[in-house]
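**Student:** What follows is each chain in one-letter form.
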Amino acid sequence: MQLSRRGFIKLTGAGLAASSLGALGFGPAGEAMAAAVRPFKLVAATETRNTCTYCSVACGILIYSMGDRAKNARSNIIHIEGDPDHPVNRGTLCPKGAGLLDVVHAPTRLKTPRYRAPGASEFKEVSWEFALGRIARLMKDDRDKNFIDKNKAGTTVNRWTTTGMLAASASSSETAYLTWKVARSLGMVVFDNQARV
Amino acid sequence: MTNTWQDIKNANLVVVMGGNAAEAHPCGFKWVIEAKIENSAKLVVIDPRFTRTASVADKYAPIRPGTDIAFLSGVIRYLLANDRIQHEYVRAYTNAGMIVKEEFGFVDGLFSGYNEDTHSYDKSSWEYEFDEQGFAKVDETWQHPRCVINLLRKHVDRYTPEMVTRICGTPIEKYMEICELFASTSAPDKAMTSLFALGWTQHSVGAQNIRSMAMIQLLLGNIGVAGGGMNALRGHSNIQGLTDVGLLSNAMPGYLTLPYDREDTFETYMSTKQFKPLRPGQISYWQNYRKFMVSFQKAIYGDAATAENNWAYDWLPKLDVPLYDIIRAFEMMDKGEMTGYICQGFNPLQAFPDRGKIRRSLGKLKYLITMDPLDTETSRFWEDFGPQNPSKPEDIQTEVFQLPTTCFAEENGSLVNSARWLQWHWKAAEAPGMAKSDIWIMSGIFHRMREMYRKEGGAFPDPLLHLSWNYTDPHDPDPEELSKDMNGRALVDLKDASGAVTVHAGKLLDGFAQLRDDGTTASGCWIFTGSFTEKGNQMARRDASDPREQGIAPNWAWAWPANRRILYNRASADPAGKAWNPGKPVIEWNGTQWTGIDVPDYTPTTKPSDSVGPFIMNAEGLGRLFARDQMAEGPFPEHYEPFESPSENILHPKVKSNPAARVFADDRAAMGKVADFPYVATTYRLTEHFHFWTKHALINAILQPEEFIEIGEVLAKQKGIVQGGWVKVSSKRGWVTCKAYVTKRIKPLIVDGKPTHVIGVPLHWGFTGQARKGFGANTLTPSVGDANTQTPEFKAFLVNIERATGPAV
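Here the protein sequences come in this chain order: A and B.
For what it's worth, our numbering labels the leading residue of the first sequence as 1, then goes sequentially.
For what it's worth, our numbering labels the leading residue of the second sequence as 1, then goes sequentially.
Here chain A stands alone, though its shape is the one from the complex:
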């Protein structure tokens, strides 16, 4: 039995008007309803446990995506909601967290490395190879030129003050640890995160 949404509403409306008991008791109108209700979308989705990216309450979230993680299927996140098992948020999300799906799929999500040359009026898309190669060159040249191995008193100080870094406070601790290793092994001291703001 195929029914349009409008037809379904009409039919159930009529059924209810005629006999609501009939609808609840799986009479003809009830059959129509059962046939017309689409399967719950999330049943077919893959569920992933994650943590809200915004504040430090760190609400548990469930991310639902289409795709079964097969190598040849690209997952697409279709829904995010609070994790009812989480002991702090117990399934709830705030106005920020409830909009997580929109930040995952924001039109201003960046997709390609871009480069802006000195004096240029626009970005141009570049390859990762170009971007990382050029960055490594600029950093090495600056480090070689301005690295301070000893201070005026002759103490070994091994610091680099002319290139600095701000680290991401929504990145994982694992990212943080790797970032620390790279930045400090270069002697970087102008190094900070969002703890202050």
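None of these hints come from the bench; they were simulated from the model.
Even for Gly, the Cβ is constructed at its ideal location relative to N, Cα and C.
Check each hint, because a few of them may be wrong.
Have a look at the derived ranges for each label pair, beta carbon to beta carbon [what the hints assert, rightly or not]: (1) A:N151 to B:Q718: 54 to 62 Å; (2) B:W469 to A:K111: 26 to 34 Å; (3) A:G91 to B:I750: 55 to 63 Å; (4) A:D149 to B:D752: 53 to 61 Å; (5) B:N82 to A:G91: 30 to 38 Å; (6) B:M434 to A:G154: 43 to 51 Å.
When the alpha-carbon atoms are kept at most 30 Å apart in a straight line, the in silico DSS-like pairs for lysine-lysine are as follows [said to hold, decoys possible]: (7) B:K739 to B:K656; (8) A:K111 to B:K656; (9) B:K455 to A:K145; (10) A:K124 to B:K773; (11) B:K773 to A:K152; (12) B:K364 to A:K124; (13) B:K42 to B:K744; (14) B:K174 to A:K150; (15) B:K273 to A:K152; (16) B:K732 to A:K150; (17) A:K124 to B:K392; (18) A:K145 to B:K364; (19) B:K364 to A:K111; (20) B:K123 to A:K150; (21) B:K773 to B:K739; (22) B:K754 to B:K732; (23) B:K754 to A:K150.
Position chain B against the provided structure of chain A, taking the given hints into account.
**Tutor:** Just chain B, lined up with the frame of chain A:
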């Protein structure tokens, strides 16, 4: 947070001051409502603005921005004058009875040892008197005039209710009622919790705001107990983790500190770290510093860190200034002293004070690298976006790289929440387009630079060449491998005193007590040891069971240190080991050991009769009402006016603002005077937005689409400003044109007899994303930070406001 989010439900009194949890941390705030409904708790809110948190408070009091220390010092005075402190707790667990050096003093706003030229203190007089064995002297009877509690009594004596009211503008009857509510929790079985956030930190006296309340909590016996504590609600999802892992100018993982120039050798460095106990029998846990430090160097430099080269101590950069914080970074940039800057998930053009200076400084760089999932303002600073970002690209020679990264949903890893829980999360989808993880990008830069140094040589490449990098995929290390690095492992078979092997070589460690200082263990972040053991990833645990429903959930994820959920929990019991509050015990002494629902704060068999203090990280084992030399501006908090303030400092007119603050000359010149900028402004966040990210999300951009300021009805009427009308708000540093929201939520305060108006400036808008373009609140804010942390003073500054015509449509 010393406690957990759910533990807030155990409080008898919840004080929200310096925060607005109902709007900024809504899903955590539910535990405040739980406390009100299930525990008959009272909620007190002290805030310049009648916030949504205030709207459900039992008692709300307004306060002028930047005067919290005066308010709280008045509370301390009330508690001492009326003898409403938890005597047994204060006597046994704080330094109230310690005797301070005779040279210590406080005159006209300055503590002893001030140097006017350097704006800093010689802190040698801020210290206890010591006996022949080197232990601090104590007067258990509190009779000595220089014991801490008597010095404190004297220090706060000036903060009479009348004085507090003159400074803060808080009506006196509300203030007195709040004092009495605070005092009610001095009963041993009553607890108050303090919830705070940027409303306290973003001041030139931010750290002392927090100290003031911490002192009150000690006096009331509220630290370590269920429903008590000092609870910093914190901001970003992993700001706690980034701090724990030491991504701060002067920090190393696990709160070890980067060396200074004066610490020229490893032994000199160590000499100031292994704190000798200042009282007999105390733990002084930092005595283990060498174990943490050597294990860390082994984790990052592997075999290249040896006893012979002092564990590669010289490979760590040394600092010649206290901090290369962000305010200093932009000062250096503005002066042409920096070449490059990397912004990883950080948008300083929006986030740091004096936007004009930030924009100008970025334009002086040779190169700027941004790594972000979103199109940030910082990465587009050079582009002309009209009045919201005026620019001439042709004049800006900065090379800019905009690197697309994954977001939270596209990676595995752990985040540390404000209750110190390390929670693991899983990847749900691939990143869009060519976006890559920060791990992949940082590894890519590392490999390329290391290769260049191998081929070309160059400035001191040793640390880079020897950096330990034993990952299955060296170009994209697995987060689990990095977690194991931080947890740490045995490098040889570890044996106990009898010679039996306790941990086999190569195995992951169970806890930081296993760390050694002889190079036989490695751990990248000692406080995380125990998070990823041979039993598996403890951060991924999902057992939400909660003994006695007391808000601990000890088997959910993993908390540092040692899975302890309430810090200083020894203080939840009296000196004999019985819970102060028998209805909500945390740990208790059962005659042979400490047992309870949480991991005890020290060895479980430490007998109460050993008199080991609960504050094991402090050398005296006690909570500090007197901070010794730990703070920049004094061992007791003192009220100093914000750097831009409408009022004199009526306590000591000659010392108006924080005398130990570091202010760069150009920034000082950019401070406004009350004659030109007569109104107090304060920045804040809306519940619909998170910083500058959610304007990229359509639903949030629809909910709060455009920049506005909040203004009280009285001032609006005076200035002819109507609801929804356009206004121009200006400070010495810049101006913003936006709409005005005229509100009853902000009322004029009477400060020292004069009406003072406060203007609220929400900060979420910029020129990228889906919301309407905005100028950004940081256009207005001053570039001065807290004297200890350099957290910028976003919460109290001066502006003018005028009616304006809107932009041409």
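**Student:** Give a verdict on every hint.
**Tutor:** Now for the hints, and whether the structure bears them out:
no.	hint	verdict
1	A:N151 to B:Q718: 54 to 62 Å	57 Å, holds
2	B:W469 to A:K111: 26 to 34 Å	29 Å, holds
3	A:G91 to B:I750: 55 to 63 Å	46 Å, violated
4	A:D149 to B:D752: 53 to 61 Å	55 Å, holds
5	B:N82 to A:G91: 30 to 38 Å	45 Å, violated
6	B:M434 to A:G154: 43 to 51 Å	48 Å, holds
7	B:K739 to B:K656	34 Å, violated
8	A:K111 to B:K656	51 Å, violated
9	B:K455 to A:K145	17 Å, holds
10	A:K124 to B:K773	24 Å, holds
11	B:K773 to A:K152	49 Å, violated
12	B:K364 to A:K124	21 Å, holds
13	B:K42 to B:K744	24 Å, holds
14	B:K174 to A:K150	59 Å, violated
15	B:K273 to A:K152	26 Å, holds
16	B:K732 to A:K150	41 Å, violated
17	A:K124 to B:K392	18 Å, holds
18	A:K145 to B:K364	18 Å, holds
19	B:K364 to A:K111	27 Å, holds
20	B:K123 to A:K150	29 Å, holds
21	B:K773 to B:K739	12 Å, holds
22	B:K754 to B:K732	23 Å, holds
23	B:K754 to A:K150	56 Å, violated
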